[in-house]
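> Please arrange chain Y on chain U, whose structure you already have, making use of the hints.
Taken in sequence, the protein lines are chains U and Y.
Counting in the numbering used here, the first sequence runs from 1 upward without gaps.
Counting in the numbering used here, the second sequence runs from 1001 upward without gaps.
Hints in this document: simulated from the structure, not taken from any laboratory.
Because the structure is a prediction, the values reported are computed rather than measured.
Careful, some of the hints might be misleading.
[What the hints assert, rightly or not] Taking CB as the label site, the calculated pair distances span:
#1 Gly1020(Y) with Leu26(U): 40 to 48 Å
#2 His1784(Y) with Gln147(U): 54 to 62 Å
#3 Ala133(U) with Ala1399(Y): 50 to 58 Å
#4 Asp25(U) with Ala1300(Y): 42 to 50 Å
#5 Ile1319(Y) with Leu26(U): 53 to 61 Å
#6 Gln147(U) with Ala1399(Y): 41 to 49 Å
#7 Asp25(U) with Gly1818(Y): 39 to 47 Å
#8 Gly1020(Y) with Asp25(U): 39 to 47 Å
#9 Ala130(U) with Ala1814(Y): 26 to 34 Å
[Claimed, not checked] A short, non-exhaustive set of chain U residues, derived as facing chain Y with CB atoms under 8 Å:
#10 Arg89
#11 Ala90
#12 Leu103
#13 Leu118
#14 Thr141
#15 Met208
Where is the CB? At the ideal position from N, CA and C, for every residue including glycine.
Chain by chain, the residues:
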Amino acid sequence: MVEAIDKPIILADALGKTVRSPSGDLTILDDISFLIHPSEAVAVVGVSGSGKSTLLSLLAGLDTPTRGRVLLDGVDLNSLDEDGRAALRARRVGFVFQNFQLLHSMTARENVMLPLELAGRADAAVQAEAILARVGLEERTDHYPNQLSGGEQQRVAIARAFVTRPRILFADEPTGNLDATSGALIADLLFSLREEAGTTLVLVTHDMKLATRCERRITLTAGRMLTSP
Amino acid sequence: MIARMLRLGLGNVRRDLRAGELTLIMVAILTAVAALSAVSLFVDRAERALHAQGNALLAADLAVESANAIPETLAEAARGLGLDTARTLSMRSVIQSGERLQLTELKAVDERYPLRGNVSIADAPFDAAREVREVPAPGTLWADARLLQALKIDLGQTVTVGAVALRVDRVLVLEPDRGGDFFSIAPRAIMNLADVAATQLVMPGSRVNHRLLVAGDQKAIAALRGQWAHLNDRSLKVLDVGDARPELRTALERADLFLGMAALTAVIVAGVAIALAARRYAERHLDTAAVMRCLGATQATITGMLLIEMLVLASIASIAGVALGYIAQHVLAGTLSGFVGGALPSPSLAAVAGAMLIGFLVLVGFALTPILSLKNVPPLRVLRRDLAPVPVRSAIVYAVALLALLAVAPWQARDVALTLYLLGGCLLAIAALAIAAWLSVQALGRLRRHVGVSWRYGLASVARRARTSSVQIVALGLGIMAMLLITLVHGDLIAGWQGKIPPGAPNQFVINIPPAEVGPLRDFLAGHRLKTGGVFPMVRGRLTAINEQPVQPSDYEDPRARRLVDREFNLSWAGRMQPDNVVTAGRWWPETAGAAPQFSMESGIAETLGIGLGDTLTYDIAGETIRAPVTSLRDVQWDSFNVNFFVIAAPGLLEQMPATYITSFHLPAQERTALNELVRLFPSVTVIDVAAVMDQVRLIMDRVNLAVRFVFLFTLAAGALVLVAALQATQDERARESALLRSLGAARAIVTRSLLAEFIVIGLVAGVLAASAAGLTAWLLAGHVFHVTYRINLWLWPIGTLAGVLGVGAFGLAGLRGALAEPPASVLRRIA
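So that you can see chain Y by itself, here it is in the shape it has in the complex:
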């Protein structure tokens, strides 16, 4: 029995493939699987790469941190598991050169540092950086440009660190575990751990941070993590890969969203194509099923045969789809290699298997119900062709398809909101398209009295086939909508995102500007045509109390909160709020009148420190106590790269305090020499160059844009498939009617014109409806998922309409060209 079904099923696959009956379904499954697998394989790899990068940010896979020396037993335990270890020690210390003293973030490292990631150095300040696999030799120190600037020394000179003299050997650009705090005030330097003892800086009670870094085999790391979870010593803190650099993570999360949207749209649209193609397949196989029933095939035989056929079909299409997806993700991965550093991990087998499964789900969801209805064909159809199986209730077909989508969707788009918006959007779009299409078809029917013969027949055809025409308009509309979303809307959404870092965004920060130099510095920048984002006062103060309750770092569990309380805040004052800030609670003070003493706080830091609206903050600023309530909380768009402050005071509160100024400006790459001039003319200021970081963020945006465009090709393909499937659905009927008209004496030109009229009308309605649906979807996505501003693109309508009319006209006529050239009798015989 099974062998017989297998033989019949396989024979059917072979014949249907040969006859081209399965091409559309197969290509549609292939497209859906390729899109989903490309994205899921890629995201899987990118995520693991990010994780690896997170490890680089720790300079290890796992680390343990303590204020005291870390027992060697811990290192021995790690090495016992076959893991690599390294030690570092960080502290804040004064480095001296002649008369000049500079408080520096100093890190001492051993020869094995870093276990993950690389140290970047340069041969001169502001020179191009290069990565090295070495650490400062004993007796030497690598200092960053700011330290060199502050101490007014060049490479090769000697500085004093505690009790030891070290030669400055290289310019330190970046070490992996530096952390994301690009605006920390102190310059940085690294030295060899072997020299630490000689500095005599580390004594009982001195504030140092010891770390033991560990890296190696993932299983051993997991085992060690397990051991360290039960460390009794409370002074030891285990550091795991926490969040990688936030600006990179945000960018990649957005990338994930865009890619998810692209893939999911491809699946939904391909699903519609599959459903249409499956319906046509079923219709064209009614006779086959009837003859087989007549020749004695039982329902079970037909079901088995069709199931085997679908199984084989899904396997072929899924394997091909995954193969295509694999190639595609390879290309995608190429775009990523620049910013995750090194090679991406290879795709995981689980992701491949998952993508395969999707092919089956999509086929089951969209095709199985209509195709399996073939088993219900009455055998009597061999004598009476009007007999067809009782159609499967549409509700069942939709429910099965929706279930399949729901099963696929979370797999792909991890973002629940995106999934729901896309699914909901598509369902709403389908419903709205259906209603609008039906109404349009009814209205168009009435127009036919006012037009010529070709148009009259065309409009009559649209109206007569009201149901089919509506289904066709919905499917075509969905296809065109997907294409519009890809070509226009996606560009707009990406532009909305990229707009957050405009091309002229500041890439240089100048801090420690004495009040007297503010004017000359402005003039200098204006003279070099360097646009600043404004000059802002900055006062340093320590938060001492919240609501009169003294604040200690130990009051907080969160290490970030501890650090914030431990350090001095950069406070500023302003009458007007910066344009990239948004008040989320309370109110910003009036700009004009002298406002009462009050603070505005960034909402993220307020949450970290547990500060709410109305809480009174007390700051110690150079020995003076300043006290005022928080009257507003702000969201700050940090990736704008403008100067921003966590805490801003209303005018009048801080003006008497010792302040320096800060500004930012955009320095075009070709004018980097201006930086050296600036440093020479304004020796007391410090320049922080964030161009490299910005370039990295911008690079991600560009790469993501490229990746998304690439994945959208699949969506575009799916859209085209829907167009073809929707037109094919009525192709036989149109060919038959055209042949009838011609056999009744209608000239071919008239028949062609009337067909064209029908296609134009359908394309027009579908195009207009699709443009409206695409605009609405984009607007919802922009506001609720991507959080970018989106202005409805008015080009959607002309382009959508044109795409509809041209696409449907061209595809439609091309599909019927053969039938129109064929003698009517032969068409009628073939399709009868």
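Just chain U, with the same shape it has in the complex:
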């Protein structure tokens, strides 16, 4: 299934995460290993509390594992400090969240410009305008998040995620906060942009319909992998 020339873009190797809790140590993830290849779309599915979001945070370098390691685009995340991981994210990773995570004091355009500005790009405004037009928000560029509907906010978030042309996109329940119609529109947008850019997608969801649009599924149950491709 894996082509020899195709190096994995994400490698999870015996990943585990244990946290301290009042009732003793709590294992959230245990012995998770898989490969994801460039341009692949992989869904991480499971019921609430199965460890989906924790897995996403480890893969994206937002959190550190207690055991095992993650190689992101060939770089061992364990070898980087927080700032090193941030720099890696800035160059190669995009995010879409369930609750959009737009900055309320910024307009749609400013929100989209932010990752470009963090990367020191001079053409941030032009790029942001272009991608906002691509997601159908050319009329809304100067609106603040609270002036936009949920679906529109998520479109801004998607524009922000793609504007840096990341190699990997992490999406955490991107339609979870939206009604069925808006959710479907957002899903279409996400997948078409991904295909245009050839971006690797890691999609966390408990929406099986959405998950079936991915090429592969990783199912978690109580912190362990049920199916491994």
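Only chain Y this time, still in chain U's reference frame:
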């Protein structure tokens, strides 16, 4: 990298300003900077004005004095530096009119006199004075009212000075270098220096005082001062601007204290507001920081961005603050112009720069630590909202704030005691408020079983948020305390000061009253309803020995001591001590029994002359020798304007000596004609009018009061800011909880009432605690810094409590009005 941070930082400033996130911090910095800069610019100017006034008191910027004629080479050297020069000559001389002779302090001046300040004259005795830029023409003399009175002459008549006859042309009211000795016995006159030779009064060995006055460019003056520091001639004495008039200096020093207190309070209170606002800013920006971290911003990027934001913020607020302070000090300076004479010097650039720096210090001290903690937000917060940075240890925040205050404080309040009392007071107040608030919150929690549903929820909220509630009570208490200090306590302190010159304080002194005229004079004053402060005997005597050792003026370095020994003392006797005197060492003699021969001496003069308790003084009084020990030292409140004596004898020691009497009384302005009548009926007495001096001192007090009130407006503003900041701190949480309650079915009225209950409880506790803290602070300040008597104002508690309840209730509900009107779901979505 830097360009990127700059772009991000500037973008953030713009957005945060637009969103109103920085308004409170900015207004707080602006207030602190405006208060400090207004006061420091003003004090700087007032001080330089005082210095200039000091020059006026010397009638020059620099002078040299000698018993011999001053060499012309010195004057030439001064003129060589481009400086102006003038000469004066003073002596004591007898002036004659017909049969009458009067010993007079006579000053001869040249045409250029005075180089600084002005001569005041009047066209008739006791008439309104006016300043002139001229000196008596050759052949004329300007005499003060007392000389005219003593010689019984009018303007236009001729008097004899030595060998020359001079026409009395004007009434001399005041010349600038007259000095502060308003009670010197001899009348005064000035004449033209050109007439001195003709008087034949100045001969080798005659006691005269020559002065060369110099004025002009400050650099040239400094150069000349340097040259004159090495004069070889020991008979020459260089006179610099020493102390200006002591009563003015005291008044202005107090003004400085009051203003310093006002400004420093404003800074501390504004600092608390800044700290609260900064905390809220940090809390509201946790998500922003987390998203930025998630999108790849490094800690350095976030730190740089925040630093740039703070730098820009501090610059804007400081520039605005200094601008406001500049306007404010301009208004303040307007209040001063009356008594420093002429225009104030313009504010110095150093003072402006200093005020700017304060803005940065205040921001760094109070805001930087909580705001920079944002760089530690874990990026994982985008997925788990409960994650926040490890809070900065409070001790670090307080330490940084305290360091900043310590850096700012001495800048402003030059008085170390005031700084320490205010800082210590504030820290103690904060600690005491914190403990009291915590205890109150705990106690209130238990009350909730006994109250209705709204109150129960309100009290429960206070108790549940025990930590936040306590912080809020402390901050609110501090704000209310500042307001109480300003409105009530400041008034009381000023009143305590003004009380030192009561409205009916004596403004006329009558001296040389023969014993036989004491009774009739009393009757005259009583007939005109003029209240006297008592009639006191006065005996003139020369101090000849201390502990049997003869005393000479040359024994002393201090010119004041020399003068005191050179002249005759005014001695008096009394059984009872005057009420405005306080014994500082030894004991006053018993009033009833015949006391042993002994003296009581004013402590200041005792120090000047090196006289201590138990030293025996010998006085020569009209050829007789009187000897007695000093058994008590007294502090005399000279600015009470009552008759007071440096040296008082116990009854029995001086009664046989030739004495005249002295009294003082208050003459209302509309009854000045009584003065002419008095002079006519009692021709042998001399009236000294000090109304003008008193008016000047009182004017300063009024102006200072006005100035302080004005500066206190800033403190008041800072207090209000703390109120707003403290309430804002929990506004989001309250709005969210209220929305939750409403979504669970609680009626809006119940929610509003429970919020009101919470606010009332917090306001009540804060108000009571603030009143107590304000009372204590005022009492300490009054006793240890301002040296005025202060009685705790009982109104502090009702007013403090009312201010707390109304202020917190009104501000609190106003802040939540929007959220209460909004549908609960939208509040929850917005604040979630």
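> Each hint needs a verdict: does it hold in this structure or not?
Against the structure, the hints:
1. Gly1020(Y) with Leu26(U): 40 to 48 Å: Once the Cβ atoms are compared, 42 Å apart, the range 40 to 48 Å for leucine 26(U) and glycine 1020(Y) holds.
2. His1784(Y) with Gln147(U): 54 to 62 Å: 59 Å, holds
3. Ala133(U) with Ala1399(Y): 50 to 58 Å: With Cβ atoms ~52 Å apart, the hint holds.
4. Asp25(U) with Ala1300(Y): 42 to 50 Å: For alanine 1300(Y) against aspartate 25(U), whose Cβ atoms are near 35 Å apart, the range 42 to 50 Å is violated.
5. Ile1319(Y) with Leu26(U): 53 to 61 Å: For leucine 26(U) against isoleucine 1319(Y), whose Cβ atoms are near 54 Å apart, the range 53 to 61 Å holds.
6. Gln147(U) with Ala1399(Y): 41 to 49 Å: 43 Å, holds
7. Asp25(U) with Gly1818(Y): 39 to 47 Å: 46 Å, holds
8. Gly1020(Y) with Asp25(U): 39 to 47 Å: 45 Å, holds
9. Ala130(U) with Ala1814(Y): 26 to 34 Å: Violated, at about 45 Å.
10. Arg89: 4 Å, holds
11. Ala90: Since the shortest Cβ distance to chain Y is 2 Å, the answer is holds.
12. Leu103: 5 Å, holds
13. Leu118: Status holds, d = 5 Å.
14. Thr141: 15 Å, violated
15. Met208: With Cβ-Cβ at 22 Å, over 8 Å, it is violated.
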